[in-house]
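Residue numbers (numbering that gives the first Met the number 0), protein chains in the order written: chain A, 0 to 188; chain B, 0 to 195.
Honestly, the hints are just simulated from the structure, not real lab data. Be careful, since some hints might not be right.
[As the list claims (entries may be wrong)] Here are the computed lysine to aspartate or glutamate pairs in the EDC-like style, where the Cα-Cα straight-line distance is at most 20 Å:
#1 43/A / 87/B
#2 133/A / 87/B
#3 42/A / 41/B
#4 131/A / 173/B
As a plain string of letters, each chain reads:
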Amino acid sequence: MPLRNTRHRWGVLSQLFHWLIVALVIVQVTLASLADDLPPGAKKLALLARHKSVGITILMLVILRLLWRSLNLTPLLPMTLKPYERLLARFTHAALYVLLFAMPLSGWTMSSARGFPVSWFGFFTLPDLVPKNKSLYAALLTTHEALAWVLAAVVALHVVAALKHHFMLRDDVLRRMLPFTTTRQGPKA
Amino acid sequence: MIVTSSVRAPLLATALLAARAAAADAPAVTHYVLDPARSSLEFNFLQAGAQNKGRFRTLQVSLDFSSDNLAASRLDVTIETNSVDTGDQERDDTLRSADLLAVAKFPQAHFAAAKIERTAAGYDAIGKLTIRGVTRDAHLPFTFKAASENGAPAGYMSGKTSLRRLDYGVGQGDWKATDQVGNDVGVSFALRLAAH
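Excised from the complex, chain A in its bound form (with noise of 0.2 Å):
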């Protein structure tokens, strides 16, 4: 399989980098919902710091990812789209990358707000965003909260649309984000 994308399929990093934040999102999800779940105390603090820093890493993975997306061919969406699905599944994948900047910054910004620095797996410390501001922090805990759910719509919305296309359409469009799969158009991996 090549590293690179081509016009017809994206390229093992571009694959790994899209799975690996699919799975740290869902360890986002897990962490959040688990120790919003507890009362403050030393098991809460460990899974908040440990959201903290996967956030953190997420994204880090997002600005690298969109560096060699910038540097490679972006796959064709299928001839076969209408103008509207076409707009449709661009405004889906910016919304995608857009949240996955909103969610780390408005976390970190609001830790800092709460003046708690982030530290990324207690290997070093990030600087605070903004100064100590309880009210900043009430309004981005509510903001990262509500991004969350936006987020969760517009995977969903992804979600659908590959299924869609995969199972309906039965085009190469969740096939050439697979590792290990053959597409049918273009040359063979």
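Since the structure of chain A is provided, determine the placement of chain B on it from the hints.
Just chain B, lined up with the frame of chain A:
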């Protein structure tokens, strides 16, 4: 050589006189108390991998001190544990709870040093530190600068040290773990003392 009692008696008398003279020559120590408005006692700790800070708002200090008479110098510090302030209400409440400072049961932490020694950098107060009902030997390095302000003697005392919270049982249950909240707690103080 045999020292007879007739020789021994004057020797003893001379020694006693010398000691008395030394005691009379030793300058009196000054008694200082805290000027709370111009003093701070801070601590820092690792929380979730990052350094965090806090302070105790209420403490009493009693210092009998003269750099020329360390033998008669004493330090006594009492900290109201309820006055802990890390700038976060939820965290402060957690710190006050039974598993950490347990302020309801142990409202005060106490350091008492009857011995003060000179060091290269300043002084070292050697005594006992009690936190959460656990008393251990401890010493507190500090610098002291005597001043005269508006005709009244004052003193500036500052220093830095560190302790391990678990030595004093600050951290029961889940808080015994040190991966999220470090065992080492840094302590720094800058106190203004007024002669009393």
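For which of the previously enumerated hints does the structure constitute a violation, in increasing order of number? 3 and 4
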